[in-house]
Amino acid sequence: MDSAVRLNPAATAASGTPLLAVEDLAIRYVSGGASRRVVEDVSFSIAPGEVVALVGESGSGKTTTAQAVLGLLPANGMIERGAIRLDGTDITGWSDRRLSALRGTRMSLIPQDPTTSLNPVRTVGSQIAEILQIHGERDRGRIRARVLELLARVGLEPAEMRAQQYPHQLSGGMRQRVLIAIAVALRPGLIVADEPTSALDVTVQRRVLDLLDDLRREDGTAVLLVTHDLGVAADRADRVVVLRQGRIQEAGPVRQVLAAPRSDYARQLLADAPSLATPRARPAVPATAGVMLKVAGLTQTYPVVGERGRVFRAADDVSFEVRAGTTHALVGESGSGKTTTARCIAGFLRPTSGTVEVGGTDVARLSGEQLRQFRHKVQLVFQNPFASLDPRQTIGQIVEEPLRNFDPVPKAEREHRVRAMIGRVGLPDSVLGRPPAALSGGQRQRVAIARALVLKPRVVVLDEAVSALDVTVQARILELLDELQRELGLTYVFVSHDLAVVRLIADTVSVMRAGQVVESGPVETVFHAPAHDYTRDLIAAIPGGGGAAGKAAQ
Amino acid sequence: MTRQVAQKLGQALLVLLAAFTVAFVLLQALPGDAVLIKFLGSEMGLTAEQIAELRIAYGADAPVWEQYLHTLGNFLRGDFGYSIRSGVPVAQLLAENLPSTLWLALLALTAACLLALVLALLSQLEGFGWVRGLARSMPSLFVAVPVFWLGIMLIQVFSFQLGLVSVIAPEPWEELVLPVATLAVPISAPMAQVLIRNIDAVFGEPFVAVARAKGARHQWVLWRHVFRNALPATLTMAGVLFGELLGGAVVTETVFGLGGLGGMTQQAVANQDVAVLQAIVVLSAFAFVAISLLIDLLMPLLDPRLALRPAGAS
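So the sequence lines, in the order shown, correspond to chains A and B.
Numbering (this note's numbering) for the first sequence: 1 to 554.
Numbering (this note's numbering) for the second sequence: 1 to 314.
Just so you know, these hints were derived from the structure itself, not from any lab.
C-beta atoms are modelled at their ideal positions from N, C-alpha and C, and glycine is treated no differently.
Please note that a few of the clues may not be correct.
Computed, partial: chain B to chain A, Cβ under 7 Å [what the hints assert, rightly or not]: (1) R136; (2) V210; (3) R212; (4) K214; (5) G215; (6) H225; (7) D296; (8) P304.
So the derived label-pair ranges between C-beta atoms look like this [stated by the list, open to error]: (9) A:R392 to B:A307: 27 to 37 Å; (10) B:R305 to A:M161: 17 to 27 Å; (11) B:G129 to A:R81: 21 to 31 Å; (12) A:R392 to B:V5: 49 to 59 Å; (13) A:D390 to B:T2: 37 to 47 Å; (14) B:V143 to A:R217: 56 to 66 Å; (15) A:A438 to B:L106: 48 to 58 Å.
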């Protein structure tokens, strides 16, 4: 049809031309009258079959670079200069029509969030079939056979049944497998994987990345892996390119960059990756510290829809104690019951049975005004700082609101306390009048923390409070939480799917699975001498735990 | 599956009963009953005793709850009573006036859907920036136009100045084309707006980026992915607008001098013809409930996430 077909990978590979070569790339975004350069002087190349990781925090230009490679920049983005050569041919000036012939066949995408990356109203089978149809396959029998083959290949079986399911009937990990099946369907030379597992639990992340590794080895496919987590890059990439504010900070073989980073920023990233960081010793808990939170026999059941008499046990006989001023972590995959337990502690769910004592008061018995007053003592910080702040309030109003809900505090006093709290979480006074939309994800999470702390609670429940953040931002928030705990004597319940993060902040941990606590104890003990297979699985799933990181740490 | 459908049907019947009850209470609360209004006029010269007898004959003297049960029972049997003004059975009045209004409403709804669809597709046209802009500004214009004014203007232009559509002794299609246009234009505006906004929003979804990364081009993405995802909200909108359509029909029928529910309602209100009003209210509620039910049942076909039982799990 056009030059897309004439690109000959065999010929170019033999002559030593890289599969992909990005040369002096500069990209600019124009919005309204303003324009902003987001990528500058970026050059790197990928040989056939090689895995190169683009690493950086949000705003580093890593996703923009990946989008430019696929020719899928947003409408207001433009390539200012530079070249993107696929098998030696510069495709930067190509029309969308010409590029669309390359997409899917020569290069493909594995997107970030599997929950929103499949069309909800079409079966997964038809969405895999689509890529074959777009590129000219008409024979229904052949399409069907190939779809089933692909589903089986990514481990979704029975393939016949899976093909007829809709995305909402599959878990996040299964959806990502469907997206991988789509990406490898036409055996492209290059796969762009844009944060392919950031939205998944660590155990699922490992299985999905293992699958991707297997498939690309079989087909000899090169991968451009975009990630904020140096730990993931350490496990999966041959070479890394570290980006910050649109510029390359450092590039080289992954072992070299991890063992002896030359740039300050790479060193920073290395220190911030929870999986690669060495945990700081946590201050010893004074033996005199009393028990602040005591959960005993906590059970939460729900009736199973359509099956009379059967119940689903979201939390099943959960018990643990947390001493004042310490952090207790609840760790597990989605569906393990950790969030259910956290919500019972915060008084948002009334457990079916069992007790939750906070400072001697049984939360489960409170109701009405007593329960409302109890919220003074226990506050929640949620996972998603983009959804948990009212977009129509200013930051000042958001932090002030809890104060207005309880005992009357004079206006001047309220303002003083809001200002002090905003300063305490490391934000400038100037944010007070701004809406949440004007803040970054990390800043918003600081606001959410300020809102939780302004009532001077005794216990703070952190529900995946750092999971949606980049490693760099995550590291700063963890530091902040640590400081606040020591200064204010706070007790934390830290809910997370990531044992590496838990190790950095918690004193004690309960590992949960299918509603039950399978293992409990001091973090270092659980980490070094896990008693349960499931805990061992969780530990093994921590990215960067393998060869490269181990060597780097020494 | 059948259980959920039965549940929805039950809800629909409850809404109808509520509409009947509220209408009954409000109409009974009107000062003076229709018998008094009709016969108290001096020209008939009836005595107070004669009127009292008439009230007994019409059942207007019975306690309110008895009247309520009686009327409800009649309605359930399909007997809507007699117009107090003309003495004709209400069912007969409805049979005469309902079909033309229903035609008008359905044609207008269809036209509005088509108009909204065309505007939405034009708003996504590749390469013609000015057409896209124009299509996007149309809904605000449409919604701002008052129905009566539009009707008069359409008659002025198409009938009197261009002579295209005769308004005196018109053919059946001629009689309807301008009223349908008059009704459809303002109804299409919110539908087009919702559809355009949804299409734009769906284009920003990650699964659209995935489709493009598969090599799909704009038209393919629009038809295969975006359109069906943008449709459900528009369908809900269309259902809500159908109610507005019945109201709009009253004005339109008046402007164009068409017979129908519009004129019938107007007269019934003027005469406090309680029986007719009661029937009209229940009928309107029925139309509304039927459309909502239909949409509720259609939704799962458009969006499998709303399916009552998970598909494929047999």
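Proposed interface contact between B:V210 and chain A, which counts if any beta carbon pair is under 7 Å:
5 Å, holds
56 to 66 Å as the expected CB spacing between A:R217 and B:V143, which holds or is violated:
The hint (56 to 66 Å, Cβ to Cβ) holds, given that B:V143 and A:R217 are roughly 59 Å apart.
Holds or violated: the hint that B:P304 contacts chain A, with Cβ atoms closer than 7 Å.
5 Å, holds
Consistency of beta-carbon spacing, B:T2 to A:D390, with hint 37 to 47 Å:
At roughly 42 Å between Cβ atoms, B:T2 and A:D390 fall inside 37 to 47 Å, so the hint holds.
Go through the hint on B:H225 and say holds or violated, using the shortest Cβ distance to chain A against 7 Å.
Nearest chain A Cβ about 5 Å off; hint holds.
Identify whether the interface hint at B:R212 stands, where standing means a beta carbon of chain A within less than 7 Å of its own.
The hint holds - B:R212 has a Cβ within 7 Å of chain A, the shortest such distance being about 6 Å.
CB-CB spacing for B:V5 and A:R392 relative to the 49 to 59 Å hint
39 Å, violated
C-beta pair B:G129, A:R81: status relative to the range 21 to 31 Å that was hinted
Holds - the Cβ-Cβ distance for B:G129 and A:R81, about 26 Å, lies within 21 to 31 Å.
Let's test the interface hint: is any C-beta of chain A closer than 7 Å to that of B:K214?
4 Å, holds
Could you check the hint for me, namely that B:R305 and A:M161 are 17 to 27 Å apart, CB to CB?
18 Å, holds
Min Cβ distance, B:D296 to chain A: is it shorter than 7 Å?
Cβ of B:D296 sits 17 Å from chain A, so the hint is violated.
Given B:G215 was flagged as interface, is its beta-carbon under 7 Å from a beta-carbon of chain A?
Result: holds, 4 Å to nearest chain A Cβ.
Checked against the numbered hints given earlier, the structure breaks hints 1, 7, 12 and satisfies all the rest.
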